[in-house]
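> Sequence:
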Amino acid sequence: MKAIKTTACLALMVSATAIATPAFAEQASTAASKANVEIIAGDDTNEIIDPIDPPTGNKGPLVIDAASSFQFGKIKLGTLKKDAEVPEGKQLGIQVTDKRGTGAGWTLLASITEFENADKTKTLKGSVKIPAGKVNTSASDSSKAAVASEITLNSTAGTVFSATKDNGMGSWSDLFEGNGQKVELSVPSDAYVAAYEATINWSLQDAPK
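Count the sequence shown with mature numbering (1 follows the signal peptide of the UniProt record, and there is no 0) and you get residues -25 to -1, 1 to 184, in order.
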């Protein structure tokens, strides 16, 4: 009887020992690899976001892509103001693209020469007002936007469109009449009869003003 008890006790001890032994999982195999890329400045011509005409064809990391000309048509003497004519299917505006990848910001300035007739014997003392337009973009983050400004053009360059540091990266358009206001020519009452032309000079600076 004693022998049976001893055997039973031994069997129980062996069974308990087997249960207490932990099971070790096979160790996972790991590795690390790299992903590399270098971003460089772009210098190709850019797609025009809105139907602004004519395109400039400019290439480079910071460029004016398109800039509208203004046609005011025929104005009868006594008419003091005239809105610019908008070609069918087009919009008046300007587009800037910043592909430098530096976040430095930029400033677009504009000035205008005097309105003169063909033989430069007559001058029209008119003024052109560009409203603060609607801003559109192809950039993925529209919160870092460029800013449009109202300007009355004269011989001194003034700000039309600008982007502060870390803003205005990618392509941005300023639709001058996008908020319902018009590009407008003011004409003095003492103007001489003639056909006049002026040149608008657009200048893109590589930093905020």
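Hints listed in this document are in silico derivations from the structure and should not be mistaken for laboratory results. Possibly wrong hints are sitting among the right ones.
Cross-link-like lysine to any residue pairs, in silico, SDA-like; alpha carbons within 20 Å at most [claimed, not checked]: (1) K109 x K51; (2) K57 x D141; (3) K119 x K51; (4) K51 x W177; (5) K100 x K119; (6) K51 x D165; (7) K74 x W177; (8) K56 x S164; (9) K65 x T31; (10) K95 x E159; (11) K49 x E159; (12) K104 x K119.
> Provide an ascending list of the numbers of those earlier hints which the structure does not satisfy.
Numbers 1, 2, 3, 4, 5, 10, 12 - these are the hints that the structure violates, sorted from lowest upward.
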